[in-house]
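Required output: the full structure, derived from the provided sequences and hints.
First residue of the sequence shown: 1, per UniProt numbering; consecutive thereafter.
It should be emphasised that the hints constitute simulated quantities derived from the structure, not laboratory data. On a predicted model such as this, the values are computed, not experimentally measured, just so you know. One or more of the hints may lead you astray.
[To be verified] No more than 25 Å apart at the CA atoms, straight line, and that leaves these computed lysine to aspartate or glutamate pairs for DMTMM-like: (1) 60 / 98; (2) 70 / 100; (3) 70 / 119; (4) 122 / 90.
[Unchecked claim] Listed next, with one range per pair, are the computed distances between beta-carbon atoms: (5) 74 / 102: 14 to 22 Å; (6) 106 / 76: 14 to 22 Å; (7) 98 / 40: 35 to 43 Å; (8) 75 / 122: 38 to 46 Å; (9) 29 / 150: 40 to 48 Å; (10) 72 / 20: 31 to 39 Å; (11) 139 / 119: 13 to 21 Å; (12) 116 / 77: 36 to 44 Å; (13) 38 / 75: 22 to 30 Å; (14) 23 / 145: 46 to 54 Å; (15) 34 / 119: 32 to 40 Å; (16) 90 / 34: 14 to 22 Å; (17) 75 / 106: 36 to 44 Å; (18) 74 / 119: 38 to 46 Å.
C-beta atoms are modelled at their ideal positions from N, C-alpha and C, and glycine is treated no differently.
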Amino acid sequence: MLKDTIDAAIKQAMLAKDKLRLTALRSIKSQIMLAETAEGAHGAALTPEAELKLLNKAAKQRRDAAAIYKEQFRSELEENELAELAIIEEFLPAQLTEADLVERLVHIIQRVGATGPSDLGKVMGVAARELSGQADGKRISDVLGHLLNNTNL
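If you want it as structure tokens, here you go:
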């Protein structure tokens, strides 16, 4: 269970006096607790799918913040966000390589029967579900757009 893993990692970070790691882990734990106590959750533990979704959201927030800081030439803040992102990614499944992502998307396109760019939405829904946690949604969308524009599938 993610919450137990995070608790153990928090204890290790506290013993190591690793402030950056501790901040990132506490942020994840806070999001887990908020999700567990949200209206309709009734204090129940999160499902593995909900945990994955939560971690992906936290990772996306760090990526977006880092991009904004980079545009603003705030390198110290960008580095901090990227360091926290690396910590969050430790708890996510391994990301697909570019070749693996293309291969999986080609199979999805063929299975769904997509023929061109107009089928992007249909394929994206299936791909986002199947590749959740293994590739960023923007990355999936970019590769899908390129594949669907290439008619030699």
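Hints versus structure:
no.: 1; hint: 60 / 98; in the structure: holds, 19 Å
no.: 2; hint: 70 / 100; in the structure: violated, 29 Å
no.: 3; hint: 70 / 119; in the structure: violated, 34 Å
no.: 4; hint: 122 / 90; in the structure: violated, 31 Å
no.: 5; hint: 74 / 102: 14 to 22 Å; in the structure: violated, 34 Å
no.: 6; hint: 106 / 76: 14 to 22 Å; in the structure: violated, 41 Å
no.: 7; hint: 98 / 40: 35 to 43 Å; in the structure: holds, 39 Å
no.: 8; hint: 75 / 122: 38 to 46 Å; in the structure: holds, 41 Å
no.: 9; hint: 29 / 150: 40 to 48 Å; in the structure: holds, 44 Å
no.: 10; hint: 72 / 20: 31 to 39 Å; in the structure: violated, 21 Å
no.: 11; hint: 139 / 119: 13 to 21 Å; in the structure: holds, 19 Å
no.: 12; hint: 116 / 77: 36 to 44 Å; in the structure: holds, 42 Å
no.: 13; hint: 38 / 75: 22 to 30 Å; in the structure: violated, 36 Å
no.: 14; hint: 23 / 145: 46 to 54 Å; in the structure: violated, 36 Å
no.: 15; hint: 34 / 119: 32 to 40 Å; in the structure: holds, 37 Å
no.: 16; hint: 90 / 34: 14 to 22 Å; in the structure: holds, 21 Å
no.: 17; hint: 75 / 106: 36 to 44 Å; in the structure: holds, 38 Å
no.: 18; hint: 74 / 119: 38 to 46 Å; in the structure: holds, 40 Å
Against the hints set out earlier in the document, violations occur for numbers 2, 3, 4, 5, 6, 10, 13 and 14.
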